[in-house]
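Given only the sequences and the hints, what does the whole structure look like? Please build it.
Number of protein chains: 2
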Amino acid sequence: MVDIEKEVERQFKILTRGVEDLISEEEFKSKLRNSIKNNKPLVVKLGVDPTGSDLHIGHAVQLRKLKKFQELGHRVKFLIGSFTAKIGDPTGKSETRKMLTSEEIAKNIKGWLDQVQIILDLDKIEVVYNGDWLEKLTLEDTLKLLSQFTVAQMIQREDFAKRLEAGKPVSLVEFMYPILQGYDSVAIEADIELGATEQKFNLLRGRDLQKNAGQEQQVCMMTPILVGLDGVEKMSKSLGNYIGLRETPNDMFGKVMSISDELMWNYYELATDIELEEIAKLRKGVENGTLHPMDVKKRLGVEIVAMYHSREEGEKAREWFENVFSKKNLNVDLPEKEFSKGEIKIIDLIVKELEFCKSTSEARRMIKQGAVKIDEDQITDLNYIVKLEKDFVFRVGKKKIVKIIVK
Amino acid sequence: MVDIEKEVERQFKILTRGVEDLISEEEFKSKLRNSIKNNKPLVVKLGVDPTGSDLHIGHAVQLRKLKKFQELGHRVKFLIGSFTAKIGDPTGKSETRKMLTSEEIAKNIKGWLDQVQIILDLDKIEVVYNGDWLEKLTLEDTLKLLSQFTVAQMIQREDFAKRLEAGKPVSLVEFMYPILQGYDSVAIEADIELGATEQKFNLLRGRDLQKNAGQEQQVCMMTPILVGLDGVEKMSKSLGNYIGLRETPNDMFGKVMSISDELMWNYYELATDIELEEIAKLRKGVENGTLHPMDVKKRLGVEIVAMYHSREEGEKAREWFENVFSKKNLNVDLPEKEFSKGEIKIIDLIVKELEFCKSTSEARRMIKQGAVKIDEDQITDLNYIVKLEKDFVFRVGKKKIVKIIVK
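For the record, the sequence lines run as chains G and S.
Each residue of the first sequence is one higher than the one before, starting from 1 at the first, in UniProt numbering.
Each residue of the second sequence is one higher than the one before, starting from 1 at the first, in UniProt numbering.
Keep in mind the hints are simulated off the structure, nothing from the lab.
Some hints here could point you the wrong way.
Where chains are identical, the list cannot tell them apart; a pair therefore holds if satisfied intra-copy or between any two copies.
For lysine-lysine, the following DSSO-like pairs were computed, each having C-alpha atoms within a straight-line distance of at most 30 Å [stated by the list, open to error]:
| hint | residue 1 | residue 2 |
| --- | --- | --- |
| 1 | 40 | 284 |
| 2 | 211 | 358 |
| 3 | 110 | 144 |
| 4 | 234 | 68 |
| 5 | 144 | 168 |
| 6 | 107 | 144 |
| 7 | 6 | 373 |
| 8 | 403 | 373 |
| 9 | 237 | 68 |
| 10 | 107 | 403 |
| 11 | 211 | 168 |
| 12 | 403 | 390 |
| 13 | 255 | 67 |
| 14 | 162 | 200 |
| 15 | 337 | 407 |
| 16 | 211 | 136 |
| 17 | 67 | 124 |
| 18 | 6 | 316 |
| 19 | 162 | 144 |
| 20 | 37 | 387 |
| 21 | 68 | 407 |
| 22 | 387 | 399 |
| 23 | 200 | 168 |
| 24 | 144 | 211 |
As the structure is a prediction and not an experimental result, all values here were calculated from the model.
Shown next, in the form of structure tokens:
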């Protein structure tokens, strides 16, 4: 008995790392206990909509959690919302999402799985498609699902409430999303469903439907939303504040180095597997001045590159970064961009061609601050015309660097 | 051309009699015009839920309207909500209705049709069941329907809004009712849908869905709710303020005689086929004193009995009523009720056995007023014990009479 309880505590600790909300701790421990006692793995569900976005380290938070479950012997069901993608769920967004076609969905699923296998071994998990059961539902089945919920319950969901209050349309079809997500849990008899904290409403619907179906209710395990590089918005491709799983080691490392010292601790906890005790030590070191934050951030960069490429490439990326940005040594491989001979306005080069700045006004500010360099020459003239005659290194600020190749 | 316009006007006049709301007059005339020009009958839809109630002259308002369409050569589709009955629509009610089983529905449908044929020749109309197409809908089809409506639109429906405001539950399944009713119109390509005014929201959803499906939108023809005998509430079986289509001539006639003089005009218009000009004349006669309201009401009674039995039986019912209540001649057939020898408290006889009064307090009031008679003897003692030894005529008020047979 003692061993079982120890094992429950051990698994509980590993699995709840970085978890913000758990419904409920007691039920989770009880499920772990039964699983260990009866040698019966828990069914862990993560549902995703194949909506075509590139995976980034924000998505990875849950995928890595799945991996932990898998490593502990549980049964991971990676649920692809092949059917629900047709609806689109507006959680956290302010507008009704367009329905996807079957072709778009098939293409997106392929793209997702290609990226998921960077983290999970697809051969060791079960990939299931909710189209397999949802396509079989009739209108009558649907009505039975609908009859289990009231309008008042649905409009409690924050984003629905906000949009209704603002007079923005909420399509009735969107009410179906949380219900079908819940029904998926019934269909696969999930023991645990993973999700982001903003998914709480939807995750709880699974508990409702399982209860009504006479099943044991799933535990809802919610991880926080990973904040983007800007330290403000949720990490997302559309905001450009993300680290993609398929980015190069140098890009990943450089992006890690661009985050604030405070945000770094959040990434340490959510985006790496470093022991929490170790992270606490690092933090203490920075606080009492025995560690330099820049060094701790570099370690974070190495860790993240190591996860998606290799530790060796992580170390190389650190060297490259140090060479270019600290030692100003440009005898390293730099990203290159080819141009034909000619000339171009400095602002156009920065904004339009290289996309180093998001706007003309940001580019003007960088020029005025003396942050723009052609080789080692500062350019401070806003109307400067860059002559494209021979190769040169072009920099904007501390992190943006490119070798311009003139052909 | 002149003849077509005349025919349009003729049909329009007949068909819009007693109609309270028409969406729209212009579209209706245009549909009639095309129908007459191309000799193509209009498809007229009346949907009913087989919820098991007895039909009364309130239901008959629309059934009789269907008959008019039929007489003018249009194609009547009497739509039985064999599928939607499973949902239940709370229009005009304050609570979620229970879902019916298939067995209850089949039994109710039979009961309804038995009564409907009192008015309509079932061989000459098409009886269709929405289960025939709704049972085939998949979840995906359902989502396509849902995607055409927003939450804000749905909660505009008065009864939904009221219940939500009062914190009473509105099941999501109820939102499906108006949508499926609308889809029925698409399925049968209805030109016109009949309904009560309180059905307006649902009828309009048919127009929405037909428009989105590329069909010509149906005309919504709404008749007022028939007020019950009490002159206050909607006519309904549960309130006991109704005239059932299967009641005896004497009961029908007696109930007509019990309504107020003012309500009589409403019944003349909605519950009979007497020309509106004729009704106007009668009204004028009563107003200027050339006609006695009692006589006009008796004519209404004869007309209503004539519609559901025969004119002869209508006249007989009038005679019976005059004999019993005006001439106090009891040498006529009276309703009879058998009792075993014994004795019974007067209040129990009135309330429990004969149901002449709804409550003990009403019975006490009638006794005090001297309105209770055994043969010709007034009973004014509230505690009177009726001796059941030989037959007698028992009366409460002017309209309740029975012959007590003692065996």
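Here is what the structure says about each hint:
1. For a Cα distance limit of 30 Å, the shortest separation of residue 40 from residue 284 qualifies neither inside one copy, at 41 Å, nor across copies, at 87 Å.
2. For a Cα distance limit of 30 Å, the shortest separation of residue 211 from residue 358 qualifies neither inside one copy, at 50 Å, nor across copies, at 45 Å.
3. For a Cα distance limit of 30 Å, the shortest separation of residue 110 from residue 144 across copies, 26 Å, qualifies, whereas the shortest one inside one copy, 33 Å, does not.
4. In the homo-oligomer, the alpha carbons of residue 234 and residue 68 lie at most 30 Å apart inside one protomer (24 Å), although the nearest pairing across protomers, at 65 Å, exceeds that limit.
5. Taking the shortest alpha-carbon separations for residue 144 and residue 168, both the intra-copy value of 28 Å and the inter-copy value of 20 Å come in at or below 30 Å.
6. For a Cα distance limit of 30 Å, the shortest separation of residue 107 from residue 144 across copies, 22 Å, qualifies, whereas the shortest one inside one copy, 32 Å, does not.
7. Taking the shortest alpha-carbon separations for residue 6 and residue 373, neither the intra-copy value of 60 Å nor the inter-copy value of 88 Å comes in at or below 30 Å.
8. Taking identical chains as interchangeable, the C-alpha atoms of residue 403 and residue 373 lie at most 30 Å apart only when both belong to the same chain, with a minimum of 12 Å there against 114 Å between chains.
9. In this assembly of identical chains, the alpha carbons of residue 237 and residue 68 lie at most 30 Å apart only when taken from the same copy (26 Å versus 64 Å across copies).
10. In this homomeric assembly, residue 107 and residue 403 never come within 30 Å of each other (Cα to Cα): the closest approach is 35 Å inside a single copy and 83 Å across copies.
11. Taking CA atoms no more than 30 Å apart as the test, residue 211 paired with residue 168 passes between copies only; the shortest distance there is 23 Å, against 33 Å inside one copy.
12. Proximity of residue 403 and residue 390 under a CA criterion of 30 Å is satisfied intra-copy only: 11 Å inside one chain copy versus 121 Å between copies.
13. Proximity of residue 255 to residue 67 under the C-alpha cut-off of 30 Å is restricted to the intra-copy arrangement: shortest distance 25 Å within a copy versus 77 Å between copies.
14. In this homomeric assembly, residue 162 and residue 200 come within 30 Å of each other (Cα to Cα) both inside a single copy, at 16 Å, and across copies, at 29 Å.
15. In this homomeric assembly, residue 337 and residue 407 come within 30 Å of each other (Cα to Cα) only inside a single copy, at 10 Å, whereas the closest approach across copies is 114 Å.
16. For a Cα distance limit of 30 Å, the shortest separation of residue 211 from residue 136 qualifies both inside one copy, at 22 Å, and across copies, at 28 Å.
17. Taking the closest pair of Cα atoms, residue 67 and residue 124 come within 30 Å of each other only inside a single copy of the chain (10 Å); across copies the shortest separation is 68 Å, beyond that limit.
18. For a Cα distance limit of 30 Å, the shortest separation of residue 6 from residue 316 qualifies neither inside one copy, at 40 Å, nor across copies, at 93 Å.
19. Both within a single protomer and between protomers do residue 162 and residue 144 lie at most 30 Å apart by alpha-carbon distance, with minima of 28 Å and 24 Å respectively.
20. In the homo-oligomer, the alpha carbons of residue 37 and residue 387 never lie at most 30 Å apart, since the shortest distance is 74 Å inside one protomer and 79 Å across protomers.
21. In this homomeric assembly, residue 68 and residue 407 never come within 30 Å of each other (Cα to Cα): the closest approach is 50 Å inside a single copy and 87 Å across copies.
22. Taking identical chains as interchangeable, the C-alpha atoms of residue 387 and residue 399 lie at most 30 Å apart only when both belong to the same chain, with a minimum of 23 Å there against 110 Å between chains.
23. Taking identical chains as interchangeable, the C-alpha atoms of residue 200 and residue 168 lie at most 30 Å apart whether they share a chain (22 Å) or sit on different chains (24 Å).
24. Taking the shortest Cα distances, residue 144 and residue 211 sit within 30 Å of each other both inside one copy (14 Å) and across copies (28 Å).
The structure is inconsistent with the numbered hints 1, 2, 7, 10, 18, 20, 21, although it conforms to all the rest.
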